[in-house]
Structures are given as C-alpha cells and as structure tokens.
Amino acid sequence: MNASTRFKLSPVVMPEQDPAERVHNVREVPLGFTPEMALHEAQRCLHCTNQPCVEGCPVGVRIPEFIQAIESGDYLAGIGIIKQTNLLPAVCGRVCPQEEQCQKNCTVGKAHRDVGQAVQIGQLERFLADWERENHAAVIPQIPFASGRRVAVIGSGPAGLTVAGDLIKLGHAVTVFEALHMPGGVLGYGIPEFRLPKEIVYAEVAYLTRLGVDFQYNMVIGKSLGVDEVRQSYDAVFIGSGAGLPNFLGIPGESLLGVYSANEYLTRANLMHAYNENSDTPILRGKSVEVLGGGNVAMDSARTALRLGALRAIVLYRRSEEEMPARKEEYHHAVQEGVEFHFLQNPVKILGNREGWVTGLTVQKMQLGEPDASGRRRPLPIAGQTSNVPADVVVVAIGNNPNPLIPAALPSLQMNRHGGIVTDENTMETSVPGVFAGGDIVLGAATVILAMGQGRKAARAIHALLTRTTETAKG
Amino acid sequence: MNTIRKREELGRNVVRYVVDAPLVATHRKPGQFVIIRVTDHGERIPLTIADANPEMGTISLIVQSVGKTTREMTMLRPGNAIHDIVGPLGRPTHIQRFGTVLCVGGGIGIAPLYPIAKGMKEARNRVITILGARTHDLLILEDDMRNVSDELIVTTDDGSYGTKGLVTDAIRFLVNGGNHIDQAIVIGPPLMMKFTSLLTKELGIPTMASLNPIMIDGTGMCGGCRVTVGGEIKFACVDGPEFDAHEVDWDSMIRRLGTYCTAEQVAADRYDHECHVGLDAGESR
Ligand SMILES: Cc1cc2nc3c(=O)[nH]c(=O)nc-3n(C[C@H](O)[C@H](O)[C@H](O)COP(=O)(O)OP(=O)(O)OC[C@H]3O[C@@H](n4cnc5c(N)ncnc54)[C@H](O)[C@@H]3O)c2cc1C
Ligand code: SF4
Ligand code: FES
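Heads up: the sequence lines are chains G and P, in that order. Basically this note's numbering = 1-based index in the first sequence + 638. Basically this note's numbering = 1-based index in the second sequence + 711.
No wet-lab data here; the hints were simulated from the structure. Keep in mind that the hints are not guaranteed to be accurate.
Pairs of lysine-lysine, BS3-like flavour, derived with a Cα cap of 30 Å [unchecked claim]:
hint, chain 1, residue 1, chain 2, residue 2
1, G, K646, G, K748
2, G, K646, G, K742
3, P, K717, P, K779
4, P, K829, P, K945
5, P, K779, G, K836
6, G, K836, G, K807
7, P, K717, P, K832
8, P, K829, P, K905
9, P, K829, P, K875
10, G, K925, G, K987
11, G, K987, P, K945
12, G, K748, G, K721
13, G, K925, P, K779
14, G, K987, P, K905
15, P, K945, G, K925
Every value quoted in this text rests on a predicted model; they were computed, and no experiment measured them.
Looking at chain G on its own, in the form it has when it is part of the complex:
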C-alpha cells in the first residue's frame, strides 16, 4: 500500500459501551480493536523515516516497527518490540496521554492538522498487549544466571514494577515491599476499573511473580522495617513510593461529612470494592456530587460518582476547558456520560448543615489572566461574583504530593522544596549511595509512563552498580 492510499484511510472508530448503559456498571468503556480493526488502523501508519512518534514517547517505544508487525499479522513479534522498552503496554495503551506524546507528533495527524486524526498508537499498543494476555502468550525469558545480588524495591506502582521486571531478567533477586494489601500503586487503588481493569494489573504482577519477583504486601517501609534495615539486607534499594499525599484546599468546611479526598473516594470504590453494594467498605452515595479539579483524578472521581448512583456529577475547574490537564479521552467519555463541567469556578467555601453534613459550595467566578509559571493562563477572581451550588458529596481532586513517609524515615535523603527526592538525572541515584528513586516520589504527581521511564533508568544504573561491585569482589 502506498503512502497516499494509507493517508486516505480514516481512523477506525473504537467500539465502546453505550454511555447510558455503562454508567450503571464498572466494566471497561472502550471495548478494544478486533484484529480487522487493528489491521486497518495499522495500515494508516506511513512508516516515516524520521519517526516523530518515537521521539514523543518518553521511553522511546519503536512505534512504527510494532505497527508493521500488526500489519504483517505477527503479533508475537509486535508485543516483543514494545516490551523491549515498555514493561506494561496493556496499562500504557489505556492510560498514557498519547495526544500529548506520540500521537501529538504523528505525521498523519499533523498533515490533517488534527491530533484526532493521528494513528491511534495507544489503541494498537493495547491491542497487542491484550492479545498477549488473552492468549497466554507472554514469553518467559531465559534468565542468564543468578548474580547473587539482592535488590529491594519499595512500592509496587509502575515505577517499582518496572525496576523489578528489569532487574529480575538480569539475574538479580528482587523483593518488592508494598504497604497495601494489593499491588499496583495508583493502578490498583486510584485508576478506576472502568478505565483500567484490575485483572490487567494483577496479570502483570503474576507474570513478574513467575519470573521470580518476591512481592511482600502489608509492608510499610519505615514502619514495619526501617529503611536502614532494608539497606543492610539488600545490595541496592529503589524507592518508588509515589505521590500518595492528598492536597486539600485549605478552605472552610473541609472537615464536613461528605467531603472526600479523591484518593479516599477512589480507594474506597476501587481497592475496597465499595461500588459493590455488598462490600464491607462503605461509601457515601451522593445524589449531587461536586468534584474539584480538572485532571484525570477529577474525571475518574466524577465518573465513579455516576456509577455510584449520583444523579448529577459536576466538575468544578478554576480555569477553562483549554487548560484542563485531563486526557482528552477521559474528558470526552465524562461528557458523554453526562458529567457536567463548570469552568472558571473556584470553590471558596464548603457549606454544611447543623449536623455537619455537606450541603453545597460557595464558588467564585474566575477569568483568565496572564500565563503563570505552569504556562497556563492564571485564573483571577471576578470581584463580587460568587454564588452557592448544592452538593451532598464533595470530592477534592486538586493533586497529590510525594508521600513523606520514607523521607521522614531516612533523613539523610536530599529532598527538593516540593517534597520530592532529589536524584541524579541519569542514574536516579539519591544522595544516599546505593539508594535509587523514581516515579511520583521524585516527580510529584506525574504519569505512569514517566514513572516507568525513571524505573528503567534506575534499573540500568542498579545493574551497573551490582555488576561493577561483583567484578571488584571477584577481582
């Protein structure tokens, strides 16, 4: 097929659960490509020699090569290509902000001046990963030799899982310590089932277990075991403890009943299955749920509220639609499902009744001023324009900070002023020799793929450290 024929093919429409139906269940929304759809979409790739898409990918997945493999029907080769650089394609295909990364750079989209026309790289990635999982085709690699070296990984989010996967394949013994009773970090407790089925996360963990990774749950490092104890028993330590410290607004009324952090709301719903009426873990099923924020976390909270039976789920965002950091697909799905968006509204007070229950919010109307440090236009209050809106549940989804537990337990760690661990840019080593860190604990709340990218860098450096010291020991 020549380039101009390819260029004329229109994007394959992803089949999805009907919005009216899906708000009553927690099953995944996009249903995935059939092999025919995947082939058709793969044919849209022009196989550009300069590969702008690869440049846009934080871990440099060899995109045109795996798309070529789909086209030639060799799925096993395709997934192999992805997995050389990305350990969790079933996850990334679903949750990466592709429109800001690979798809943003795609020549096809560029030529159409519409990123919506770009090759759907994420969906193709998901297609291969799902094919592999559904056909139990995951290849168990030959592990070269046991190095006799031991690595401790703190946290089982995407950063920790990447480090564990990379190092076990290189012959090192890996133990992952996880504070919760389930693995995955945000992939398990935060991102909802309807966006990322937990079965996928658990399958990835099961695969790592088969490779020999030892997962230890209910282990809060710094409490159940001291960081120093871990350092003494292992040759290297990786900290991937994430950004699990929810921000609150600091406005009156945040202690009222019915005010949740998004982390609590989503953890109850996902990790503790409160969406299931029979769950032991309760959750307040509001009729009118106001979600404060404009990122993925806010979209997830509002869509969860609908699935918990809310009649209205409203996202209050202090900037405009333009500045919203959420993935386009999530925003689009939320709108389809009936989530209401109130832009340029800043909550200034949460209102309650005499018994302490939330009854609503006072919001301040905003307008956009000059761009601020984040490059987005700064929202400014319009004097005198406040109003009250009703709500019986309020979810605060305005971001998370790095979890301070480990830094508090290891005071010699150098931290930045946002509470993140300072690391060497290339090796991810911290100020404490032999201790590495990556993901949200370094970046602040960022993305799955950046966490994985840092995990990969750290794994490389840890491997270098362990083999170097092995050689010196031998020599």
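Guided by the hints, dock chain P with the ligands onto chain G, whose structure is given.
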C-alpha cells in the same frame, strides 16, 4: 500467616487475641497500631497494639464485637489466621519521666492505654490510673492496669463497681485531694476524651489523647483520618494517633466518626462498628 495463638474473653463481647506478627512485634512501640483485614474481601480497620512479645513474635490485639468486621473477627479461634496485618503504624507515644502521670481509660480504650501506662511506669513515673466503664462487666484489663499503676480508681456509670460516676468526677476528686499531675493521657470513647480534655484544660494539666478516626491505608494516602488540631488538618495515621488533647477539634472529630452511621444511631449515641467507631464503641464517658 498471622496465625492466632491464643484467644481470651475479657468481658462482654471483648476478646483478646495473641497473634503471630513477628515484624510488628519487634518494631512496635507503645501507642502504635495496626490495620487489619479479617478476610480477603474484608474492610480495613485499625486496632491498637495492646502488647507484644518480640521473642515469640506475637502481638496482642483487643477487639470488641460491635459490627460486621469485629463480629467476624471475634469468631476466629486459635489456629485461624487474620488475613492481613500491617504495622506498626502511627507515631509512638512520647514516653519520658514526667513525674506524675495520669492515665485515663474508658471502654475498650483501656487496651491501647495499657502499653502506655506500662511504658510510663518503666520510665519511673508515678502512674495514677482512672478507668471508666458504663457497667462492671464492660470493664476490661483492670488487673493488668493495676500492675502498672501506683494508684487505680474505677468509675462506673451505674455504680455497679468502683465509684459511681464519670472519669471526670474522679479527676476532680484527685486534684481536689492535692494530687499534682504533670501529664495526662486519655484514651476512650470520643465523648469521654472530649470532656476529660475540657476538664484538664481548665485544671491546667497537659493532656494527650489517642484518636481513633476512620482509616483506610494508614500511610497518609487517603486523608480519611484527618482531624483538626490547633486549627490545622492532621492525618491521624501518620501525624498521630496521639495529639495534644487541648488542641483537638473534638466536635468535628466526633461528627466525622458518624459518617457511616444513620442519623438515629448518632442521636442515640449508639455508635457501633457499622459506623466505624468500633474501637471505643459507646461506652463510659
Ligand atoms: C486517580 C488517578 C488517575 C490517574 N490517571 C492517570 C492516567 O490516566 N495516565 C497517567 O499516565 N497517569 C495517571 N495518573 C498518575 C499515575 O498513576 C502516577 O503518576 C503513577 O502511578 C506513579 O507511579 P509510581 O510507581 O511512582 O507510584 P504509585 O503508583 O503511587 O505507587 C506507589 C506505591 O508505593 C507504595 N508505598 C508508599 N509508601 C510506601 C512505603 N513506605 N513502604 C512500602 N510501600 C509504600 C504505595 O502503597 C503504592 O502502592 C493518575 C493518578 C491518579 C491518582
Ligand atoms: S509518526 Fe505516525 S505515521 Fe509516522 S511512523 Fe509514527 S505512528 Fe506511523
Ligand atoms: S488512613 Fe488514609 S491517610 Fe490516614
């Protein structure tokens, strides 16, 4: 596996377990707690570590059966296991030589108070203990507490044992009798803690209280355990569970405990574990 080694009924619906948890046993300090799940589909609930034996690798947990999870737990027998135990969590109690320390415990709050009183005694404080219960057969750990106290007073609401009255009456009685108290610690039902705190503030006695808000993760991740202390939001699981009782916004904390209760339960002051107030379910104040 967190296998149960010993089960002992301490009072009406109150059971003490000795359970395998070797790392918790060697790492815990008085004042810390664990979060448990009884089964693999159960909810996560905090329980204070009542005691520990590092050599045996066991900890003691005391639980009162009041709602689904705690009922499920009290059904467990030696040989059964608790599905998950994570900890020790929270900051340990600040134990030092204060002089005279007053330990005030109510209901099942006496369980977490015991290791603290023991620690205070070992730090060579004079320990005066006041235990409150609604009625005699709800009183637990009296002998254990007596062993670590220089003086022990029991009050019951109905006068079925000890002095009839509230713990606050006993505190006044002590102070009026010329006892100087350097530090007080209060653990019990929220209302008891509130009124004790109001009194000790009036009397100028520095007071710590151990809070038991609703928790999930216990690592600072969810913010569900937040309490207002000195006008600031604190997460009880990582910043606490102990706080300066005089700075705690008790009314807000008590209201939040009622999040999953029905209005009637709150009104009737019948918080039970169904509403996640299990630890100190509506006993003496
Ligand atoms: C609701 C929500 C939606 C999101 N949606 C997207 C999205 O669509 N796309 C995207 O790219 N990103 C998304 N993100 C961000 C993304 O999930 C994170 O950037 C990513 O998970 C960070 O990975 P991590 O491995 O650094 O940490 P985490 O995923 O946070 O994992 C850290 C793990 O460490 C554990 N831990 C913490 N402290 C300790 C300790 N002391 N001892 C042992 N274990 C410990 C935690 O329990 C946790 O399991 C979302 C985040 C949230 C909250
Ligand atoms: S930029 Fe788009 S068309 Fe070009 S190789 Fe990448 S995916 Fe294919
Ligand atoms: S229990 Fe979740 S932050 Fe304290």
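Which hint numbers does the structure go against, in order from smallest to largest? none
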